[in-house]
Structures are given as structure tokens and as C-alpha cells.
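Q: Below, each chain spelled out in residue letters.
Protein chains: 2
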Amino acid sequence: MDNLLLIIVGAAVILAVAYAIFNYFCVKKMEEGTDRMGEIAGAVRIGANAFIRYEYKLVAIIGSVIAVVVFLVISWQAAIAFVIGAVMSATAGWVGMKIATYANVRVTNKARETGDLGKTLKVAFKGGSVMGLCVAGFALLGVIVVFCVFGLAAHQIKDIADGTVGKNFITKLPSSFTMTLSGYALGCSIIAMFNRVGGGIYTKAADMGADLVGKTEAHIPEDDPRNPATIADNVGDNVGDVAGLGSDLLESYVGAVLSAVMLACELFMHGKFADTQFLNKLLLFPVVFAGCGLLSCIIGISYVLIKPRLSKNVHMELNIATWISAGATVAAGVLLSYFMFRDIDAAVMKAGAGFKVGAFSPWLAAVCGIIAGIVIGIISEYYTSYDYKPTKKIAQSSKEGPALTVTQGLANGMISCMLPVVVLAVAIFGSYQLAGMYGIACAAFGMLSFVAATVSVDTYGPISDNAGGIAEMSGLDPSVREITDKLDSVGNTTAAIGKGFAIGSAAFAALSLMTSYLYAFTGVEAKELIINLIDPLTLCGALCGAALPFLFSGMLIEAVAKAARKMVDEVRRQFKEIPGLLEGETLPDYKTCIEISSQGALKEMRVPCIMCILFPLVTGFVFGPMFVAGILIGATIAAIMLAVFCGNAGGAWDNAKKYIEAGGVEGEGKGTPAHDASVVGDTVGDPLKDTVGPSLDILIKIMSTVSLVAVVVFSKYNLFGVLGWN
Amino acid sequence: MDNLLLIIVGAAVILAVAYAIFNYFCVKKMEEGTDRMGEIAGAVRIGANAFIRYEYKLVAIIGSVIAVVVFLVISWQAAIAFVIGAVMSATAGWVGMKIATYANVRVTNKARETGDLGKTLKVAFKGGSVMGLCVAGFALLGVIVVFCVFGLAAHQIKDIADGTVGKNFITKLPSSFTMTLSGYALGCSIIAMFNRVGGGIYTKAADMGADLVGKTEAHIPEDDPRNPATIADNVGDNVGDVAGLGSDLLESYVGAVLSAVMLACELFMHGKFADTQFLNKLLLFPVVFAGCGLLSCIIGISYVLIKPRLSKNVHMELNIATWISAGATVAAGVLLSYFMFRDIDAAVMKAGAGFKVGAFSPWLAAVCGIIAGIVIGIISEYYTSYDYKPTKKIAQSSKEGPALTVTQGLANGMISCMLPVVVLAVAIFGSYQLAGMYGIACAAFGMLSFVAATVSVDTYGPISDNAGGIAEMSGLDPSVREITDKLDSVGNTTAAIGKGFAIGSAAFAALSLMTSYLYAFTGVEAKELIINLIDPLTLCGALCGAALPFLFSGMLIEAVAKAARKMVDEVRRQFKEIPGLLEGETLPDYKTCIEISSQGALKEMRVPCIMCILFPLVTGFVFGPMFVAGILIGATIAAIMLAVFCGNAGGAWDNAKKYIEAGGVEGEGKGTPAHDASVVGDTVGDPLKDTVGPSLDILIKIMSTVSLVAVVVFSKYNLFGVLGWN
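Protein chains in written order, with the working numbering: chain C, 893 to 1618; chain L, 893 to 1618.
Rather than coming from a laboratory, the hints here were simulated on the basis of the structure. Since we're looking at a predicted model, the values are computed, not measured. Take the hints with a grain of salt, since some may be wrong.
Heads up, the list lumps identical chains together, so a pair's fine if it works in one copy or across two of them.
As the list claims (entries may be wrong) - EDC-like mimics (lysine to aspartate or glutamate), calculated; alpha carbons at most 20 Å apart, straight line: (1) LYS1242 / ASP1167; (2) LYS920 / GLU1005; (3) LYS1285 / ASP1461; (4) LYS1378 / ASP1008; (5) LYS1204 / ASP1377; (6) LYS1284 / ASP1461; (7) LYS1458 / GLU1558.
Using the sequences provided together with the hints, build the complete structure.
A: Given below as C-alpha cells:
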């Protein structure tokens, strides 16, 4: 039965990857359109490829160092798993970006040739689906490989717990299956971190640079070919919003699934239950649930791709695809939960893993997570869409100038922190009541189980955005732009919901990783896990940990601002020095702008990324594991707040500007002082919502994973332990 | 011996209050100057008095309700102590504001008559010293009264612990001396909260309103009599920066001293030691240390007031006064610590209160706090003064427009969170190592022991600011304004250091209040205090608690923005509708602007203030004491970060603007687009640094105090407890 389940997952993976390859070539063999279109798309593609190549070189160096350290200190298994994770994550990001840079111009061309919204949507979504399927497919592929190669069967884990296998030849530390799994998760996290941060800096530096001079000073529209930063801006969409997003969600997905698996191992090794059959189920459930989710997503995605005539309501069509995927996942989940756990004694489940409602416990906890994700998404929409009061207020404030626009947006962002957190708290408490700490992990992978569908929708957004840019730059008929704009605007709305899932799942995954972390150095005899914040050392850790997301965010914002300032100077220079540029007679020097964004991103991403890897390590070896536990909890709490704040403040500023452009504020519109003020708000919000917010989600997981990998070492060897201070 | 010590404190209090009264009448009998000066000062005074009267009426109603609740639920002693606390805090704020509104015009007049910087400084500082002496004097007066009336002697506390006295006649809950003390602290906190929040909204609404139209649109200088909001702005300085600051620091001072006293009681009642003599010492030490501090401050203040010829270096003279006060306090403290604790057995001190270095332990812990306060102040100066890189960077960014100015400031503020927190963590760990949890409380009152001197300096700032405004509005010779400007600019620098002490002492006091809170419902048998953040209920509390400072800050910013927008509309209306106003032929309608600020502040302060009182109460009765413990720790951590962020971001924007005005950025200065951009930054920062930051310091203490007062009730009666969920 267990093998059958694994085969189903394997089949889902093969199906998903095959489907992705099919869609990839389907898109690629379409026509590019006019020469000018091909030229521009080519420039974007070359820029994006060049950046990713540079970035991956840098990551390869850092990754190799980490792999060697993991090999020497932890185990060869963990090192190999780390490399597999890094390769999976990097490949998913790379393939997704590749297809996005092919799809964009083909979307433009389809709109140009057919003038049909539905047909154009199909091309864009087909491009997006490649990324969606690759993210889930590669993630699960890696999981299966690690599972099969490094031991799935429960007896093996037991041997490891007994210390009979897996001792590392250098440090002689007990290595274990959980360490190998966390090595895999770490590999995914590292790539995700660099892709998100690097891409985030790139895209916003280009975007801000283009807007600050183009829109505000020269008063030319967005994506105008006269703007030298406009190609860089389009490259940014691909490296940030596509490759960054893909690696990010792959990381979240893997983190969520594996944190549940690791927790099951720890519960077993700490003697919470002795039934190896139950252990096997607990280990398999997350993976098989993810497999069911992937199959459901294939159905959901196919709905859009196969349906002969899509309706004009793009939003609805995409929602249907998502709902089909989510609904089928939930339906398959209840069957899975029942059939997997019905044979296990209810008392064992309750005592061992805190399952309070029998076989349905893990499924119910997963549903808790899904509902929380949706509700947080709806709350985000309330605080950021201009259909509601908060964003309207910001738009109204614009009449009083940029200062009050910014002030009102800050207020809005801060106020918006409470409700999502309350939802999160309710879901944490609920999933814990249903299925213990394992339930919290279930909530995390529940949220992400239909990730293939959400990533497809999320990727379709920047593809359409790029398609619009290409239409503008190639001087196509405005009707083409109209179609792509419609697709793009729908993408913005769906992105808000996606953020709810991103932050929610990050919080849940971080919590269950933290639990595994505590188990990893807590003796088997300990009755209860404790992070005691009234203990001064732990409290100091929590304080420093809480400051870390602020420091990290500040560094990212500064990085974007720095690169954006350079971009502004360059664009100003070109406007001044290149004769005939503003009149549209000569083309600007796009390449220099691409260079500035690339160099800025590559240079500025290093310090914050390396910092958040080293911070828990260094402090762990100095102050010991309880200090790091404090850091993890402090950083998680602060990062959740900041991520919500940044996402909602930034989103609201953006939409307040759009509200004014749409004529929502009486007597105001494009070009009025109120609109200029709203552009200031939007520009301030840009790095917050697109660079800082998403990076914070990864920050908390990467810190938890790094700590989890290293804790077996620094819990034994740390300065404060030697001094007897902890 | 103990009685002698109390007599010394009593003498210090009497001396301080007498000195304050003397200085009050000294200042009052000085000349006001020209009729126009008297008129303007009169308008400011009337406006300030009217606002305080309204505010105190509102506070009286809310305070009465709380007093009745405390009486019914806790004890009559606590209710009376609550009223005493409220009266002390309200009086200190009121007296300080009163003298500030007399002193301002007399400072102007002294500058006008003598043209001498030193003589003018003396008047301003004499005014400030009234507030400084009143804050410390009234705070200690109340403490002595509560001590003497409600039982100082240790045997009485023991009786209470045994349950033989102090049962309340309605609920029959065990009442205790600590409850009475926390009632006193709560009284001070409530007034401080309302004064700070109300004053903060008032002053920034007026300031932003005046600047947004005056400086940015009409391009008239600050404090120009043609600006209708200018009197309101000056009133704001008095109700916000004087009365608000006074009540705030009185609250911090009381909180710090009493948290140590209460902790000593709890340690004794929980059987950590049985030596009543040691208990007596632990109870007295904070109060006597504060008394020594007050005496030292009287010497320090006298240095400035008595020295025949003050040097031109105002900054140095004020620093000398502060250093004398601090130095004498530290010197007196070491003697006090030695003579009080030398008779106690070192083993008892170590086992009972964690004193690791014998009799010197509490003194060393207090010194830890003082050093931490100074270092945090220096760090704040680094991040906010334009002598250093961070602020210079913001000024440079202004060349790229308001968006990048704001962005760079946000980045600066976020980055600036790490270092102060690290200092705080080191001090927490250090003072705990030296003298246990009692040591953390010592660090808190150590920081504030020379509060009379720092408040004198802090109050002298807004007095000088007001004096400058009066000079401008009365059309006096620019040389007068030059003198007051010099005094004012020194005030700005010293204010930065003051903020370090405010946030640092708030963090320490909150921690030791939290410890008392945990003791208050933990059984005597418990070996260790625990706030376990991996426990889901506590974690949920921490998450919601961390969101609370964000919600609170957002509400305050929105309140300021709302009132400011009204002010902007009114100022614009007057400029448009009153003929001859901008030409300086007619006077504007100052009164309407004062009304707008008053009404705005009174209306907007209610919800956030009441929210942070009710939040821990309501959740306590629903989810129980561990949830509230989570709230307290989450709110404290988040509030520290936000307070540092707000203070430093706001300060840096302010000074970046001044840097540009001073010609620091090549080719830029008043009136250039870069300066306009920096004004936007300054305006955004205004509510952050002057409304939100200081209010957050109180927020965490008021929540701790409220919880401490109510925990004896809700730890027994709460919904989750009834349901068996916690």
C-alpha cells in the first residue's frame, strides 16, 4: 500500500514534468511577430539570461562552500541532499524564467494577430503553467529521490536513532535522516534566498529608476521605448517576479512538506509513539497529499488550456482553475487521510501525535491552513484594493501632497497587521488542537498543496506585463496593449491572494521547523519543549532576532535605493547627452541600464543573504542553542509583522495611484499634483512590497533550516556552554 | 537606620518641591516684555490651559471608572493608590506646562533686553528645572505616601502573604501590598498615556498643518505670524513636549522604582529567601537610590542656576549639569549599596535574589542600566545627527526627489534597530548575571535615577523653541531669534540622548513588571518562571501582542494625519478667504486652528488609549494568563523595535532637512527641489518621532501594569480555563 502511494506520487511528478515540457515547446514554436518585437523580446531574454548566469555563478560558489561544510560537519548524505535541493530550485527558477521570456512576445503577437482576449490568455497561462508545474514537479521529484535514496523505511530511522548507522567519519556526531531532509530543504532555501533578493533588487531598481525620471520628470508613459531603463524594467519582471517567485514557492513547498516529515521523525525518536506503521503513515502523508495536490492542479490547469472558448471574464476563468485545483486537493485529501490512518489505533494517534479527531485529524488541520490562507488573502485585498476604504483614504490624502500620502500609507500598513495575525493565531491554535504540532505542519503544506495552480496564475501576471511592454515598445496598435493590460490587471489581484498564502505558510513552516529544532537537541527524557522568554539568554536572543528582520529589510531597501539612484543618474544622463532621444529619433542605450541593475543586484544581495545564514550559526556557536531558539522566535514574529506591513502598505500605495488614474478622486487624474503625490507613494512602496516582503518569508525559513542543520553541532560546542553561562 | 534612610528621601522630596516652587515664582515675577509679546504668550497659555482642562476632564471620567473597578475587584488600598498616582502625574504635567507657558515669553524678553546667551539660558533652564524637580519630587512623594500608608514593614507583607490581612470584602481575592503598588503605578501610567498620546496628536497635527501649507505652499518661514496654525503649533509644544514628556517620565520613573520593589515582595513571598531584614533592604534600596539621585540632581541643576557667568558653550554647560547629577548619583549609589547590604549574608543574597557580587550587586546592575542608556543615546545620535553618514545619505537622496528621501529614511530607521537592541540585550544579560531579575529592575531605575536633571534639560528645549516663536511673531530684532535658536538647537541634541533612556528604561521596567506578573499567578511551589513560546496559546498571544504596537502606531499616525488634513484645509481657507492676510495686513484667525488641534486630539486619543488598556484585560478573561504573558512579551519586543525605528527615522529626516538648510549638500539649500523633498521626509517623520515613538514606551508599561493589577482575577476566572483549553 505504501509503495503504491509512492508510485502515485511518482506518476504525478512524471505527468507534471511531461506536461510542462509539452507546454514549453507548444509556446516556443509559436510565432514571435514583427522583427521589432523579436528584437525587443530578444534583448529582454539576453538581459535576463545574462543576469541569471551571473547570479547562479555566485550562488554556485557559496553553495559549494556550504555543501563542503555540511559534508564535513554533518554527513555526506546531507551534503548530497543539499546539492539536490539547490539544483531542483535553481532549475525550476531557470526554466520558468526561460519560458516567460519566450512567452511574453508570443502573448503580444497572439493579441496582435487575433485580437481575442481568451486566446491571448491561453498563451500567457500556458507559459505560466510551465513554471507552476515545474515548481511542484521538481520539488516533489527531489523529495522522492531523497526519500528513496536515504531511507524511507521506518526501521532505518530507528537504527539511526539508536546510533547504529550514519555516524559521520569526521566529527562522529550522530547523523540522521532528519538531517538529510533538512539538507535538502536548505539547498532549496539558499537558491530561493538569492533568487528572491537578487531578483527583487534588480527589478525594483530598474522599475524605480524608470519611473522616477520617466514618469515624474520627463512625463513619458510607462514602457515608452525612449526610456533607457525600460528594457531593464522588463528584464526585472522576469528575474524577480518569475525566477524569484518560482524558487521562493518551491522552497516554501519543500519546507512545508519536509517540516511535517521531520517532525514525525522527531516525535518517533523522542518516544511519543512506538508504532512504526504509524510513523510510516506520518512520513508519507505530507508527500502523498502533495502528490494528490499536483494531480488536482494538472486538472485545474488543463481546464484553462483545453476549454475551447474562454469567457471574457479572465478573473473568473483563472479563479475556476484555482478552485478546481484546491477543491480536488481537499477532496482527495479527505479520502487519503481516512484510508491512510483508519487502521491506526485512535489512542496511539492521540498520545503520539496529538490527533484529537482520529483519522481525519491531519486533513482537518490542512484545511485549517487552506482557510487561513484564503482569509488572509481576502484581508490583504481589503487593505490594498481600491474598492475599499483604506486605499481610498490614501488616494484622498494625495490631494494634500506626498507627505500625507506616505503618512497615510504607513498608517494603513501598520493597522493592517492585526487582522492577518489574528487569523494566523486562530489557525495555529486550531490546527494544534486538531493534530498537535504535526497539525501545524499540515496547515503549512495544506496551504501550498495546490501551489502548481497558484504559481501558474502568479507567473502569468508578469508574462502579460512584459507582453504589454513589448507591445508599447514595438509601437503596436493600442488595442493590443488594451488586451495585455486587461490580463495584467487580473494578475495584480490574484497576486494579493498569493501573498496571503506565502506569509501564512512561511509562518506555519517556520513554527514546525522550530519544533524540530528544539527536538534535535532536547534529550529524549524531556517531557515538554520550551522556549522560555523570561530566561534572560533566550530573551536576549529574541530581542536580537526581532531586530534582524528590520536590519535585513533596511539593507534591502537601501540596496534598491542605491541601485535606483544610479539608474536615475544614467537615465538623466542619456536624456541630456543623446541627441534626439526624447523626440523619438534615436534609440537609447538600453544595455548600460541593464548593466547597472545587474551589477547593483549582484553586489548588494551578498551581504544581507550571507548575514541571515551566518547570524544563527555564529550566535549558536557563541551563545548556544537556547539563544538561537530565541532568535528564531523573535525573527519569526517580527518578520511576519514586517512582511504584512510591507505587502499591504506597498500594495495600497500602488492601487491608490491607480484609483486616481481611474478618476476615483474627484477633479484629479494623470498629471495633477495629487497624482504626482500618489506616484511618490507608489515608488516608496515598490521595494517594500516586491523586494522586502517576499524576502522576509524566506528569511524566517532559511534561519530555521540553517539552525536545524547546525544545532547538533553547536548544542555541544558553544562558548557559553564552555563558560557555564547557559 | 531604615527610618533614617526614608527621612533622607523625604527631605530630598521636600527640598526638590521647595526648589521647584522657588524657581516657579522666580520666573513668574520676571518681565514679559512688549504688549505684543504678552498678547501672543497669553494666547499660547490660554490655548494650552484650555486643552489640558478638556483633557483632564476626559481623563477624570475614565480614571474614575478604573478607580471604581480597581476598588471593587482588587482592593480599596489599590484604588486609593491609583488615585494618588493619577493626581501626582497629572499635577507634574500641569505644573510643568504652566511654568513653560510663563517662561517662554520671559526667555524671549531676557534675550531682547540683555542680548546675552548665558543669562537667557538661565531663564529657560530655570523654567525647565521646575518640571524636572516636580517630576521626580511628586513621583517620590507619592511613593513615600503609598509606602507609609499601606505598609512598609516586612512583617505586614508577610501577613498578607499568609492571607491574614487585606482580603477584599467583595471578591475575597487575596489582596497584597504589590497590588497597591501596582495600583499607584497604574495611576501614573494612565495619565501618562493620555498626556503623551493627546499631546502628541495635538502638537504634530498643528506642526504638520502649519508646515504643509505655510512652508511648502505659501513659502513663508516657520512661526510667521501670518500662518494661522502657528499659535496652535506653539500650544502643541507645551501640551505635547512639556506636559506629555513630564507625565511620561514620571510614569517611567515610578514604574522603574516600583517594579523593583514589587519584585522584591514577590521573591520573598515565593520563598526565595526568608530574611525579613534582606527584604526590607530590597524594598528600600530603589526608593533611597532614587532619593539620592534627586539630591544629586538638585546639585547639578544648581550648577547652571547659580554659576555667575555661564560660558558660550550652552551644550557643555547643560552636559556638566547632567554629568554632575549622574556622577553624584552613581557615587552615592555605591555607598548606599555597600552600607545597606554589607550586613546581609552573601549566600542569602545569592540564593534569594541572585546577587553574585555581594553588597555591590544592585549598584553594579544600576550602573549597567546607566551605561546602556548612554550608549543607546550615542547610537541614536549616530543615526540621527547630520555629522554622520546615515543622515548625510538621506540628505543626498533628496536630490533624487521625495520618494527616495522617504525610502532612504525608512531604510536608515530599520537598520538602526539592531545596535540599540544588542546594547539592551547585553545590559539585560549583564544586570541579570549581577543581580538576577532584581538586577534588571535596578538597571531600569538606575537609568532614570537622575531624571530630574534630564527632564529639566528636555523641558528647556520646547521653552526655547516657544521663545523663538514668540520673537518671530512679535517681530523682534533677528538677534533675539538668533539667541533662542542657539538654545533650541542644543535642546534637539540632548533630546536624542533622552530617547535612549526612555526606551531603555521602558524595556527594563516592562521586563521586571512581567516577572512580577508571572509571580503573581504562579504558585509558590513553582521552581521557575516560564513564558513558553512554543506553547501554542502563549505563541498566539505573542503574535497578537506583536501586532498591537503596529495597530496602535498606525492608529496614532492616522489620527495625526486626519487632524493635520483638517488643519491644512483651514489654513488654506484662511489664506484664500481673509483679505490682506498673506500681505501681513490682517491677523489670521488663530483660534479656529487651536480648536481643530484640540478637538482632533481629544477625539482621536480615546480609541488607541482605551484599546491598550482593554486588550490585555479582555484577552485575559477569555484566554487566561499565559495568553496575556505572550501578549506582553510580544508587544514589548515589537514596541521596542518600532520605537527605535520611529525615533531614528524621524530624527534623521528632520536633521537631513537641517543639513540641506545648512548648505551641507552642494548646490542645494532652502527653496531648492531637494529641500522640498527633505521637507516631505521631515513631515513624514514628525508623527513617527514625536507621537508614536514616545507613546510606545508607555504602551508596553501600561499593558504590563494593567495585566499585573488584574491577573489575580483573570488567572482564576477565564473562559479557556473553564473550557479546560489552557
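Q: Determine for every hint whether it applies to the structure shown.
A: Now for the hints, and whether the structure bears them out:
{"no.": "1", "hint": "LYS1242 / ASP1167", "result": "within (13 Å within a copy, 48 Å between copies)"}
{"no.": "2", "hint": "LYS920 / GLU1005", "result": "within (17 Å within a copy, 86 Å between copies)"}
{"no.": "3", "hint": "LYS1285 / ASP1461", "result": "between (33 Å within a copy, 16 Å between copies)"}
{"no.": "4", "hint": "LYS1378 / ASP1008", "result": "within (12 Å within a copy, 70 Å between copies)"}
{"no.": "5", "hint": "LYS1204 / ASP1377", "result": "within (14 Å within a copy, 66 Å between copies)"}
{"no.": "6", "hint": "LYS1284 / ASP1461", "result": "between (33 Å within a copy, 19 Å between copies)"}
{"no.": "7", "hint": "LYS1458 / GLU1558", "result": "between (37 Å within a copy, 18 Å between copies)"}
Consistency note: the structure conflicts with none of the earlier hints.
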